[in-house]
Amino acid sequence: MIELKDVSYGYGGSDLLSGVSLSLQPGSFHFLTGPSGSGKTTFLRLCYLDLMATAGRVELFGQPARKMTRDDIAHARRRIGVVHQDCQFLDHLPVSQNVALPLEVAGRPENPADLEELLAWVGLAERADALPPELSGGERQRAALARAVIMSPDVVLADEPTGNVDWEMSLRLLSLLVELNRMGKAILIATHDLNLIRAAKKQVSARVLRIRDRQLQLAGADL
Amino acid sequence: MIELKDVSYGYGGSDLLSGVSLSLQPGSFHFLTGPSGSGKTTFLRLCYLDLMATAGRVELFGQPARKMTRDDIAHARRRIGVVHQDCQFLDHLPVSQNVALPLEVAGRPENPADLEELLAWVGLAERADALPPELSGGERQRAALARAVIMSPDVVLADEPTGNVDWEMSLRLLSLLVELNRMGKAILIATHDLNLIRAAKKQVSARVLRIRDRQLQLAGADL
Amino acid sequence: MRGAGLLAAVLYPRADRVVPPSGHTARLTIFTAAAMAFLAVFALALSLATGRLAERWASELARTATVRVSAPQGQVETQLRAALEVLRTTPGVASARVLDEAEERALLEPWFGPDLPLDTLPIPKLIEVIEGEPGIDAEGLRLRLRAEAPGAVLDDHTRWRQPLVKAADRLRMLGLVAIVLIAGATAAMITLAANSALAANGQVIRVLRLVGARDSYIARAFVRQFTLRAFAGALAGTVLGVAAIAFLPDAETAGNFLTGLGFRGAEWLWPLAIAPLAAVVAFVATRVAAFRVLRSLT
Amino acid sequence: MRGAGLLAAVLYPRADRVVPPSGHTARLTIFTAAAMAFLAVFALALSLATGRLAERWASELARTATVRVSAPQGQVETQLRAALEVLRTTPGVASARVLDEAEERALLEPWFGPDLPLDTLPIPKLIEVIEGEPGIDAEGLRLRLRAEAPGAVLDDHTRWRQPLVKAADRLRMLGLVAIVLIAGATAAMITLAANSALAANGQVIRVLRLVGARDSYIARAFVRQFTLRAFAGALAGTVLGVAAIAFLPDAETAGNFLTGLGFRGAEWLWPLAIAPLAAVVAFVATRVAAFRVLRSLT
Ligand SMILES: Nc1ncnc2c1ncn2[C@@H]1O[C@H](COP(=O)(O)OP(=O)(O)OP(=O)(O)O)[C@@H](O)[C@H]1O
Ligand SMILES: Nc1ncnc2c1ncn2[C@@H]1O[C@H](COP(=O)(O)OP(=O)(O)OP(=O)(O)O)[C@@H](O)[C@H]1O
Ligand SMILES: [Mg+2]
Ligand SMILES: [Mg+2]
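Protein chains in written order, with the numbering used here: chain A, 1 to 223; chain B, 224 to 446; chain C, 447 to 744; chain D, 745 to 1042.
The shape of chain A in the complex, shown without the other chains (with noise of 0.2 Å):
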């Protein structure tokens, strides 16, 4: 659904990213890991048409990006669930209409008991009507990933979405995360955390992917 061929970037100087290819397929797990610094982040939003690729080619949904107009992207990215690194939020908007956003703008009715559990499961039923600044650290990557994946995306991409969570906590979203892959969709975690990565390969057959000398490698078997 998301495809990467041969694909380059830099912020201005030399390239970050030299010849990147990925496919991300309905039904697959990918971890992305790397030292920071290495262009996780800068990967994802490649993926995301965030950042447009300096060299390569970029699909999504079989269209090539090149082609695509600036609404075409817009209606893509309802396709695809992104979990920021740094969860930005409506501020004047409470928890819950900031995590039903995405159906707000797709003009799409929103289930009011389908938000409540999505809201239950990643542990804000009690802050659906608090403000995003009221949010503690975790809160906010909770309430991410929960606009993240309200849609129902074909494809999700979570940038260290579990950076501010204990780990009862991680092991739950994860838990969500492997819920809607089961269902067919293309997951993307770009993390740190190698107890994660340990315990989403008990439950799917994931592949990890690491960053090292500007390209994409597949990490070894110590993990």
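Simulated from the structure, these hints should not be mistaken for lab results. Worth double-checking, as some hints may not be accurate.
What the hints assert, rightly or not - The calculated DSS-like cross-link candidates involving lysine-lysine, where the alpha carbons are at most 30 Å apart (straight line), are:
no., chain 1, residue 1, chain 2, residue 2
1, D, K910, C, K571
2, A, K5, A, K67
3, A, K5, A, K201
4, D, K910, C, K612
5, B, K290, B, K228
6, B, K424, B, K228
If you're wondering where the values come from, they're calculated on a predicted model, not measured in any experiment.
Using the hints provided, position chains B, C and D with the ligands relative to the given structure of chain A.
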């Protein structure tokens, strides 16, 4: 140096923390854990007077918080290095100037060699001239930690300082804090990362606190 | 799409919620629109009043001149006829008429009292000249009169009022210039305020783009808010300005040289145009600014 | 501390760096200051010009009135004397003088030509009255004249120009009101712009507080930037406004009824005051806003 006695705090509603006491002495090393949303960040904010306790006594460097003027608080903060969970910077100044900001604000001369060494230690030597919005998540955390320790403050309060960095870098940052601790500084780190706590315990005699049921408890031997 | 935008922007309030409802920039926009509308009302009133003034003065002058014919007893009739003939063939003269005795008496009364023995006096005859459009060429007429009726002297005494009309016209121009300046400054300020609101709401825009909102959806929310704010502000400013002018001490009582600063009849429609104009400016400014900002993001 | 603040704010540029150097709010502030200064220059020019105008008209009138004494041949002298006596004892009369024959002839020439046999005519005597300060009470004088010299008629013909002076005074008032409005609107806009800049820079303030910056340090940086911006903007607006007025087609040539809109002599100092005033307003507004925002944070 920071003393909390029977401190309570709640955001408007019911108390989040009640009757909490802690004394940060020179050379002490504390970890603060607890589930996401339990009040770790709140506790740290009480320590550097970003929040004012609704009950109980807070003392900073021997001064009771209630008697401190705004300028007193500003001066006290120069002796406390804080790493926020969401690291904020002056986005228009390069990383090096952001890291040196506490010196600038205190009117102290900055030593370029020291600054360079510190930046190299946290792995930001090559990003010294970048603007904060151009940093990766982990780079931001490292810059925030560098800013917190540049004045070699008497107390370092760090909120989840390794949430976005890889394991090797986490150890590197930890060793920086251990080094400071050996120089007699008090260190308090809020974190979910149990591996980090275990690693620290091998180097210093750290006490692990846990927030549970609005109370601060000493964590068991499982850590 | 562009045309439908205005309608959609006004009728579609749902997208509004995604933009923070208020804030300092909002207050700034509303206040700016109000203050500028207030000033515009004054400039408009000044312009209209001086326009009226110029018109009144011009019409009061009635564009008249006088030819005085004084000659030895026997020649008066001949010279009078000659002067009238000259005037008849002078371009710019609408009509020329010899004043009768009663009229001359009325004219002289302030100087000589009512009992003047007109018939026994060698009083000159007076010809009242009404100018047409364009006016007469006074110098040319003087030359011709000197040739054909040496006893006739042209006194275009009405000219002394001409500068008044010019002055009023200049004031009106000044008022118009002020209106143009105010309108321009308002447009620029609203544009800058819109830009600074958009810049301040960078996070809102990023979040909306992230969850798949189309540019038009995002722009709509901002455009609608700004249009409403500019409209509301300008409306308030206009109402205040009109009220201030209505409660101004009435000039009419101070002598009718200057007409009141208020609005008369259909002139009341002018201030009504201010708020919609401000709204249109805000609509265009915000829309352009919004799409510019949006296009700078991926 | 407060007093030293201004000096420190201007002389201490180091803290400046911590505030983002520019942005949309900066541009908005500069432009607002410039536009308002531009308008203020025009309002000032209008006010000063109309003030001059009113003065000139008032002095040109020379505050004169005429008393016409017409009576049967024998009584003229008596009535003239009586009228002069009345005038001598009337408060507000500076001097009263009977016109001699030559003067009367000059006055009547436009109507009768130069060859008027004045001595054979029953022409009234004219007394020229110069008013003092305050002017005469025309109605009271008329009543007294009617009683003491029935043949004397007061013609305060100069009164017809009074409305002109009133009109000019009203215009000057209008100019002053415009200046006050513009100044008030400018102050409010700068205050709001400062507030919105402070709100937009919440992160800067939080970071600075976190690293132990004192309120005065933070406020200083903002205050200095805003003061400089307001000053620079107002200066640019003033220069543009003065230039625009200087290059305005000269009114003097259009007849000397309306004096030019320009500045004369010491009046040039007035526009010079605009930029410093704007700076002071910005200084106070930003300072108050900054400390208000800062105190709302812990
Ligand atoms: N907008 C930008 N302009 C310039 N350089 C940038 C920009 N964004 C990121 N970088 C640089 O690119 C490199 C990779 O950044 P990226 O955010 O992709 O790293 P990451 O792998 O996500 O790291 P982390 O684990 O710390 O989040 C970093 O060195 C970063 O400083
Ligand atoms: N400004 C605020 N207003 C209201 N409630 C708040 C505010 N800030 C935090 N809270 C709430 O207080 C609780 C504790 O927040 P805190 O940030 O201290 O948690 P934390 O232990 O740091 O969690 P995390 O590990 O997720 O960062 C949370 O439920 C949070 O929603
Ligand atoms: Mg990253
Ligand atoms: Mg926290």
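Hint check:
{"no.": "1", "hint": "D/K910 <-> C/K571", "verdict": "violated, 37 Å"}
{"no.": "2", "hint": "A/K5 <-> A/K67", "verdict": "holds, 16 Å"}
{"no.": "3", "hint": "A/K5 <-> A/K201", "verdict": "holds, 26 Å"}
{"no.": "4", "hint": "D/K910 <-> C/K612", "verdict": "holds, 19 Å"}
{"no.": "5", "hint": "B/K290 <-> B/K228", "verdict": "holds, 16 Å"}
{"no.": "6", "hint": "B/K424 <-> B/K228", "verdict": "holds, 26 Å"}
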